[in-house]
Amino acid sequence: MASTIIETAGLTRSYGDICALKPLELSVPEGEWLSVMGHSGSGKSTLLNLVGGLDRPTAGVLKVGGEDLLGRDEDGLARFRREFVGIIFQQHHLVPYLTALENVMLAQYFHSVPDEAEARFALERVGLGHRLKNRPGELSGGEQQRVCIARAIINSPKLLLGDEPTGNLDHKSTTMVLELLRELRAEERFTIIMVTHNQEVAAWGDRTIYLDDGVLVREERKTG
Amino acid sequence: MTRRRWLIHLVFRALAHRAGRTLLLLAVLAMASSLATALGIVSFSMGKRVAEEVRNYGANLVILPETARLDVGSGGLNFGVISEPAYLRQKEVEEALTKSALPGDRSSHLRGALRFRNSDLLVEGVNFGEIRRLFPWWQLRGRWPAANEAVMGSDLAARLRLKEGDMVELAGPKEPLRLRLSGIVSTGGEEDGLLFLELRSLQQALELEGELTQVRLLVTTEGESLTKRAAVLQRFLSKAKVTEVRQIARTSEGLLVKVKLLMALVTLVVLVSAGSSVTGTMSTTVLERSREIGLMKAMGGTRWELLRIFAAEAALLGLAGGVAGFFLGSGIAWFITKSVFTLSPEISPWFAGVSVGVSLFLALLGSLGPMIAVFRLDPVRSLRGE
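Heads up: the protein sequence lines correspond to chains A and B, in order. Heads up: the first sequence begins at 1 in the numbering used here, then just goes up one per residue. Heads up: the second sequence begins at 1 in the numbering used here, then just goes up one per residue.
Among the hints, erroneous ones may be present.
Pair by pair, the computed Cβ-Cβ distance ranges are [unchecked claim]:
1) A:E124 to B:L23: 36 to 46 Å
2) B:R303 to A:P23: 27 to 37 Å
3) A:N134 to B:G20: 20 to 30 Å
4) B:G20 to A:D75: 27 to 37 Å
Don't read these hints as lab results, they were simulated from the structure. All figures in this text were calculated on a predicted structure; none of them were measured in a lab. Glycine included, each C-beta is placed from N, C-alpha and C at the ideal position.
Using the sequences and the accompanying hints, generate a full structural model.
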């Protein structure tokens, strides 16, 4: 049986009087693809930010990889992110003045040492071996998202977080990105937590949880 | 690729991406450091020029013997003061000057009287080499004396109807001195009424070997006050009095201080305005790059690592601005010193350090506020574009 990579107990996040995430109990086994659904303001992104160490909970317990993240300071959380997490954003967030290769190497720089051969290999794995020297502005949306995936996996994270990673892509590119993620997960055995609005995209996961107004209201497990 | 090489690569890429803003910042830094450099060079050149001008005024310190004074009086009545001629021991003065290590020039003088045509004639023994260095404004008709020669003050020569080439025979306690007048000197001062001959000859003629009546010094102050310099020398001369030739010394010192103060104020104003400009531009840059900074933090960049990237950008700009500022500033200084003050600028490589230092300081200080913003920036909010 797979060990648990994420465990929360009474996890809460408030912004003043507004409670974005109400006490949440969640357990994610290692290697699972968890889809998080809910409409705008339901607390999906808040959950993702907390799990990724980008934000701090107001109350509760948040254990990732067995470690309580509350014990880490800001720079400690940054170190946690570079060692443990890869993030794919909806808007790609690539550095505009760096090439695809350099964008991947930037993640290596913050993790350890930039290695061009490794970064090249990562881009080849996502099918962009021919676009190494192109800047984000010269790439299509799907290609940019694949650069993001290469950047997210370059440091072999245990946890891959996707904040609506296919939200800006057409159907063909969406399928391509999701297939790529499935392949990479099979090879690298990382855990995926993906926030999405799209039921079809959510269906690629092993399990889907539904948030509404900061409360986990439903959970569906893939059958077969 | 090493982390350091990557950091430099990243910094160059970031600066090249914002070429317009980078050039603007470079221009501001180069302008500020060039003005600081130019004013520094002008100030330094003027300082040297003023020091040279002051040299032309002659000595600024005088060493005189403490006269043996005796008040004569009785029962509340004072009949006056009796004073004997007093002398400085040449050896003691030289030792004191060596010990005090005062920078500058000096001239040793022995004044006395010798008989000429049955009357006393005021004569002064000097080293003519020292006189030529210390009193360059003396106007000489004829030439400086060689052995057995002398120069005579113009008033005295007129009174005695003597001219260059004439012989004078002077009688003293020892055998008579026969000297040829090699020149007639005119200073507009008391020197016009004296006869000048070699110090050693006069000391022998007056049987005052190793004695002096006065030593004049032109001490270079090099930033210290003349009073301090005089006090240092006085400590080594118990039987003599070191006196400032106050007016000229103070005027020259005061002028230099005022010029330097003016330069410092102008530099300060320029640096403050350039610093504000750098802060403004860097703040805009940070604001524009907040998503990029948020992304770097999200990827695991610590606050200090992000700070290092921005500090490296500022330092690189500062360095480049400083180098450009040195060359530009040297050009400006050359123009100002040549056209306004008719001087040759004293451009030393040391000013390159000043220029780079000023530019680096401005770039880093101006980036301090924006860098604090980078330090505090919340990655979640900045990625959302807030």
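Evaluation of the provided hints:
For the pair A:E124 and B:L23, the supplied restraint of 36 to 46 Å holds, since their beta-carbon distance comes to about 38 Å. Distance hint check: the CB atoms of B:R303 and A:P23 are about 30 Å apart, consistent with the given range 27 to 37 Å. One distance hint, 20 to 30 Å for the beta-carbon pair A:N134 and B:G20, holds here, with the actual separation near 23 Å. Separated by about 34 Å at the C-beta atoms, B:G20 and A:D75 satisfy the suggested range of 27 to 37 Å.
Figure legend: structure checked against the earlier numbered hints; every hint is met.
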